[in-house]
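Asker: Chain by chain, the residues run as shown.
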Amino acid sequence: MKNNDASTGKARVLVVDDDRDIVNAICINLEKEGYVPLRAYDGPEALDIIQTQNVHLIILDVMMPKLDGLSAMLKIREDRNIPIIILSAKSEDSDKVLGLSMGADDYVTKPFNSMELMARVKSQLRRYMTLGDVHERNSSRFLQTGGLCFDVENRTLTVDGELVKLTATETKIVELLMRSPGRIFPAEEIYERVWEQPAYRVENTVMVHIRRIREKIEINPKEPKYLKVVWGIGYKIEKI
Amino acid sequence: MDTKSKRSEQEVVTDPANSLGFEGNENETGVSGPVAKADSKDEAGTKGVPTAAHSGKAKRTHPFRTWICFVLGISIIGTCIVGALVGLSLANWNWEELKSVFLDYKHTIPFKQQTTVYFYALLSLVDVSDHNNLTEASEVAEVLDYRLVREGENLKYYAVNLDSGIVATNIEEDLCEDLAKAVTEAHSGEIMLPLPDGYGYYWYFDGSRTHVIENDKHLDVDRLDSAYHNLLVDVPQYLGGKEKAQSIRAVLAVSDVLIPNPYGESAYYRNQQVFRVIGWAYLVTLCIGVFMLGYSILKYDEKKEFEASLASWLGGFWLEVKIGITILLFVGVLGFAGAILLGTSGPTGVLGVVVSVLCVYAALWWVYVIILDISYNGKQVFANNCIAHFSEWMTLYESKYPWEKLMLKRVYRLIGAEICLAIIAVLSVIILIVAGHGAFGFSVAAICVVLAFYLIYRYVQSFATTVSEMGLLMDQIERMKNGDLDTKLSVNSDSVIYDAVQNLNDLQEGMNLAVSEKLKSERLKIDLITNMSHDLKTPLTSIASYVDLLAKEDLPAHVKDYVSILSQKTERLKNLIQDLFDLSKATSNNLALDIKEIDLCRLIEQTLADMEELIQDSGIPFKVDLPDEPVLMKNDGAKLSRVFQNLLSNAVKYSLPGTRVFVNLQVVDNEAVVTIKNTANYEMNFEEEDILERFARGDASRTTEGSGLGLSIAKSYTEACGGKFAIRIDGDQFTAEVRLPMA
Numbered sequence: 001m002k003n004n005d006a007s008t009g010k011a012r013v014l015v016v017d018d019d020r021d022i023v024n025a026i027c028i029n030l031e032k033e034g035y036v037p038l039r040a041y042d043g044p045e046a047l048d049i050i051q052t053q054n055v056h057l058i059i060l061d062v063m064m065p066k067l068d069g070l071s072a073m074l075k076i077r078e079d080r081n082i083p084i085i086i087l088s089a090k091s092e093d094s095d096k097v098l099g100l101s102m103g104a105d106d107y108v109t110k111p112f113n114s115m116e117l118m119a120r121v122k123s124q125l126r127r128y129m130t131l132g133d134v135h136e137r138n139s140s141r142f143l144q145t146g147g148l149c150f151d152v153e154n155r156t157l158t159v160d161g162e163l164v165k166l167t168a169t170e171t172k173i174v175e176l177l178m179r180s181p182g183r184i185f186p187a188e189e190i191y192e193r194v195w196e197q198p199a200y201r202v203e204n205t206v207m208v209h210i211r212r213i214r215e216k217i218e219i220n221p222k223e224p225k226y227l228k229v230v231w232g233i234g235y236k237i238e239k240i
Numbered sequence: 001m002d003t004k005s006k007r008s009e010q011e012v013v014t015d016p017a018n019s020l021g022f023e024g025n026e027n028e029t030g031v032s033g034p035v036a037k038a039d040s041k042d043e044a045g046t047k048g049v050p051t052a053a054h055s056g057k058a059k060r061t062h063p064f065r066t067w068i069c070f071v072l073g074i075s076i077i078g079t080c081i082v083g084a085l086v087g088l089s090l091a092n093w094n095w096e097e098l099k100s101v102f103l104d105y106k107h108t109i110p111f112k113q114q115t116t117v118y119f120y121a122l123l124s125l126v127d128v129s130d131h132n133n134l135t136e137a138s139e140v141a142e143v144l145d146y147r148l149v150r151e152g153e154n155l156k157y158y159a160v161n162l163d164s165g166i167v168a169t170n171i172e173e174d175l176c177e178d179l180a181k182a183v184t185e186a187h188s189g190e191i192m193l194p195l196p197d198g199y200g201y202y203w204y205f206d207g208s209r210t211h212v213i214e215n216d217k218h219l220d221v222d223r224l225d226s227a228y229h230n231l232l233v234d235v236p237q238y239l240g241g242k243e244k245a246q247s248i249r250a251v252l253a254v255s256d257v258l259i260p261n262p263y264g265e266s267a268y269y270r271n272q273q274v275f276r277v278i279g280w281a282y283l284v285t286l287c288i289g290v291f292m293l294g295y296s297i298l299k300y301d302e303k304k305e306f307e308a309s310l311a312s313w314l315g316g317f318w319l320e321v322k323i324g325i326t327i328l329l330f331v332g333v334l335g336f337a338g339a340i341l342l343g344t345s346g347p348t349g350v351l352g353v354v355v356s357v358l359c360v361y362a363a364l365w366w367v368y369v370i371i372l373d374i375s376y377n378g379k380q381v382f383a384n385n386c387i388a389h390f391s392e393w394m395t396l397y398e399s400k401y402p403w404e405k406l407m408l409k410r411v412y413r414l415i416g417a418e419i420c421l422a423i424i425a426v427l428s429v430i431i432l433i434v435a436g437h438g439a440f441g442f443s444v445a446a447i448c449v450v451l452a453f454y455l456i457y458r459y460v461q462s463f464a465t466t467v468s469e470m471g472l473l474m475d476q477i478e479r480m481k482n483g484d485l486d487t488k489l490s491v492n493s494d495s496v497i498y499d500a501v502q503n504l505n506d507l508q509e510g511m512n513l514a515v516s517e518k519l520k521s522e523r524l525k526i527d528l529i530t531n532m533s534h535d536l537k538t539p540l541t542s543i544a545s546y547v548d549l550l551a552k553e554d555l556p557a558h559v560k561d562y563v564s565i566l567s568q569k570t571e572r573l574k575n576l577i578q579d580l581f582d583l584s585k586a587t588s589n590n591l592a593l594d595i596k597e598i599d600l601c602r603l604i605e606q607t608l609a610d611m612e613e614l615i616q617d618s619g620i621p622f623k624v625d626l627p628d629e630p631v632l633m634k635n636d637g638a639k640l641s642r643v644f645q646n647l648l649s650n651a652v653k654y655s656l657p658g659t660r661v662f663v664n665l666q667v668v669d670n671e672a673v674v675t676i677k678n679t680a681n682y683e684m685n686f687e688e689e690d691i692l693e694r695f696a697r698g699d700a701s702r703t704t705e706g707s708g709l710g711l712s713i714a715k716s717y718t719e720a721c722g723g724k725f726a727i728r729i730d731g732d733q734f735t736a737e738v739r740l741p742m743a
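For the protein sequence lines, the chains are A and B, in the order given.
If you use my numbering, the first sequence corresponds to residues 1 to 240, in order.
If you use my numbering, the second sequence corresponds to residues 1 to 743, in order.
One or more of the hints may lead you astray.
Claimed, not checked - Distance condition first, Cα-Cα at most 30 angstroms in a straight line; then the derived DSSO-like pairs of lysine-lysine:
no. : chain 1 : residue 1 : chain 2 : residue 2
1   : B       : Lys677    : A       : Lys32
2   : B       : Lys653    : B       : Lys677
3   : B       : Lys244    : A       : Lys96
4   : A       : Lys239    : B       : Lys596
5   : A       : Lys228    : B       : Lys569
6   : A       : Lys96     : B       : Lys634
7   : B       : Lys244    : B       : Lys217
8   : A       : Lys165    : A       : Lys122
9   : A       : Lys90     : B       : Lys596
Simulated from the structure, these hints should not be mistaken for lab results.
Note that the coordinates shown come from a computational prediction; the quantities given were computed from them, not determined experimentally.
Kindly generate the complete structure, drawing on both the sequences and the hints.
Answerer: Right, here's the structure in full:
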């Protein structure tokens, strides 16, 4: 019902940051990508724009005067499901987890790569436009966490609505991990259940596949959002 | 002001709670009302004695005067009562007699005694029958007559010896005839003699009995309590038997009004005057006493005030002084005044009586003062004795010496005292043998032995106390060493190690302060790091964003090169800032650890697998030797993988091509030991410690990428995870060793 043209380039993206130069740079990039940028420089201003205008996505800084990003996000989330990308100078894992658990759809640390940011914007918009509300789609046919969706019948994986091409082994690994998101699988278990052979010194083999999957599903494989290594224990897909 | 003072005086009377009575002061300061009153009461409570400056203003108070009035009033009233009792006892407990001393001299015993003297003299005048020589008789009569004559008009007498016809009289002749007739005619019964006017009181001897007539009324002289009985019973005997007395008639009349005799000294008049003076003096003294007592009762608060200050002054004296004064006073009263009152010895007369009375009063008032002292000062009266002062003085004296000297002095003192006691004991036993004073010598020796043991007991007791306190002190030092900075040690202020304990407590306080300061500065540091990180990252974000935008522009080739350099350096700056932030956090103990049970073996495999591309690209062979068994421990896997990532990437970066990197994991003594060895591709001309300095890099040229913080981060992360980190350099051989405790 919302303008289908949003995905084709007329989506309205609100950029909120107290640093005007950063806002400006992001907006230039957004314009280049064909979006309609909206600017706000603090929390209340952002809330005003959301109330009065049609916004499809918000890029929100955390440390802002008057109303900080996380509080603003909570207010927005009270009645809206617009995708929100958090922008923060805090790079600790705990900060990321906090931001995502409070309702953000993505978390980007400063200083960010503008290509990466645009990729995330695009990905979030695609998911929002094509699939509508992600959280409402829940059926036994789909295994789902965050923007990841595994179709059990067709054995296909979509990331933010976009189909990802996986090899047979990779598909098996993804299915195994997505059946119990959040659970940590040791390399041996993955190997035995995917390859169906006894495992011996398989860390390297499994890691190679994990890295390849990451490169396909993660926007920034070095800072993975979904597929994570749990050091000294195993691997998991984050439950979001 | 007038009404105010009136009101507050009323309060004085009606409020017994204001026992110390500082209301006078209240008026002086010019404030009133309950608040001011509470203040003045408070002042009284703390000071006890009003200051001179206070009482020197507007309305003066005289606490001492009031108290002296109280003392004198009580004393005078007491003396008067005692005097009255003495008088009563002298008057045979006849109240009427005592009353007559003041009201009517003629009813007193002294008057009757005096009259008896005159009466006997009168009888003697006419009873000269024993005397052979008339001349001699007339001389005697003259002497006796003189007594009667010196009373002058106060006395009228008529005596006759019917045998010899001798008449002695001073009554005018016309009256005398009637009287002579009446005397000679009368025999017995109720006789009324014609006497001159103004002489209503007379004694009459009718030859056998003596009558006393007052205003035509016969007094009953036979009553035992009449005082006449003893005086008159012997008259016939005095006259030489009843036979002789038969012929004698005598009348002695006393004037109603006693007047002085210009020609001689009237005993009657003198005595009457003396009695009057004594009576008036007694009354006046009694009045003064009552007035004084009344005054002191009116100024009850002032009296109380003086008593309070007196008590506080007395409180300063030792108990022994008070006991001494008490004993002296009572010995004085018993020995001196008692002797006088009993009449056995000592000074006699008025002076003696006065001194003894004063002694008694001094003793009585001393008792009063002592009771005051006890009621105000309570147990302090007994605590303030010379033994307490001596021990106080000893403590003061001992405190001048350093601790070790003091302890030694105590030992020496004990030994000295024991030796003295032994000598005394031996000497007394020798005296016993030589002089034979058995019991005395033995008891002295026994006392010495008991004293000696008591001294040893006391010494051991104090030694034990000191030792146990020393133990407490050591425990406290131990506790402080172990980091307990809150528990305070307390010992008695008279303890010999009190100063040491105080010093230790001060030290603890100082350490506590230092620790909290340090914690505060750590907190400030982490705040600073967080803020700095944000402040650095914000401009860096702008730079990175605009460099990206620049890179997308259509630029000449050489400008594109510039932009790509900018882009690289921005990336490096970003990594540097992140590393700095991580390192600061780790070294300031602010790293939040996510502790899980991990397999270190697996962790190293994962790290190697994760870095596989980098390793393969470098072409350096890795020799990995890990145990088959899992190496389990509870630790933060992410932090440890960072440690190994840093160490491995260092090894890749600085290894000489063609050499190998050895990664080894062993379990030694419940400790996991990871060593990473490589051969450096440059000469490592630095010390092990230097390389761990922040920003130091093995390669001094600093041209390659990387922050130079890799080793420092590895070290501080290892330590934050409870492990030990070491670097060894042996020629070109570089070894990093990480030791981690196992679960």
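Asker: Each hint: holds or not?
Answerer: Hints, verified against the model:
no.	hint	verdict
1	B/Lys677 to A/Lys32	50 angstroms, violated
2	B/Lys653 to B/Lys677	13 angstroms, holds
3	B/Lys244 to A/Lys96	155 angstroms, violated
4	A/Lys239 to B/Lys596	19 angstroms, holds
5	A/Lys228 to B/Lys569	29 angstroms, holds
6	A/Lys96 to B/Lys634	24 angstroms, holds
7	B/Lys244 to B/Lys217	28 angstroms, holds
8	A/Lys165 to A/Lys122	19 angstroms, holds
9	A/Lys90 to B/Lys596	24 angstroms, holds
Taken one by one, the earlier hints fail for this structure at numbers 1 and 3, listed in ascending order.
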